[in-house]
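For the record, the sequence lines run as chains P and F. Taking the working numbering, the leading residue of the first sequence gets 1, the next gets one more, and so forth. Taking the working numbering, the leading residue of the second sequence gets 1, the next gets one more, and so forth.
Hints are computed from structural coordinates only; laboratory data are not their basis. C-beta atoms are modelled at their ideal positions from N, C-alpha and C, and glycine is treated no differently. Each hint can be trusted.
Derived CB-CB ranges, DEER-like: (1) F:Ser-12 - P:Lys-68: 42 to 48 Å; (2) P:Leu-96 - F:Ser-82: 27 to 33 Å; (3) F:Ser-26 - P:Pro-61: 22 to 28 Å; (4) F:Asp-78 - P:Thr-20: 41 to 47 Å.
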Amino acid sequence: DAGVIQSPRHEVTEMGQEVTLRCKPISGHNSLFWYRQTMMRGLELLIYFNNNVPIDDSGMPEDRFSAKMPNASFSTLKIQPSEPRDSAVYFCASSLMGIQNIQYFGAGTRLSVL
Amino acid sequence: QKEVEQDPGPLSVPEGAIVSLNCTYSNSAFQYFMWYRQYSRKGPELLMYTYSSGNKEDGRFTAQVDKSSKYISLFIRDSQPSDSATYLCAMTLNQAGTALIFGKGTTLSVSS
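Here chain P stands alone, though its shape is the one from the complex:
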């Protein structure tokens, strides 16, 4: 299995621009999680989906952030407009609901907003 695939690996953008991060979960997994990691706050959950349905988006910082999961094999996290404080590493993880809740992480997208 190829594991969780995230793209792009690195993104550098200017303040005010729209940023779209992409995630392909492991085939057959039915839960998908978006996390953000910073030195100050560690790894924080932004939103997660079960069977393509958003379950908890309480970690989404503000309305500038949105996430979609149009089908079982694809999810996006969008930031519009981006701000320098959004600079972080964004991880996507997937799991098979009910099976020990083991989450498998992608390699992450390193976002820099200038």
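Keeping the supplied structure of chain P fixed, place chain F upon it in accordance with the hints.
Leaving out everything else, chain F in the frame of chain P:
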């Protein structure tokens, strides 16, 4: 008080040392406890998984959970330079597709 507290370190030890990493938590309802290892510029990967209280051993790694004290530990025996990474504890209420709550991670460096 944060739900999960973990000393960020850094922790530096010589090769062969026994390493002890710890987390405390505040929510007594947590049932599933995990340790993830994260190498620099990589995603976290699961290292150990424990349900409720008790010990679990896997090679050089031992995970301990003490629910009465709300305290979990990871021990690494005969540490190797390849163990140099950030170790994150994580926990959750149940296994039915719920989010994990992570500690901030402890950075470990093992010198040869």
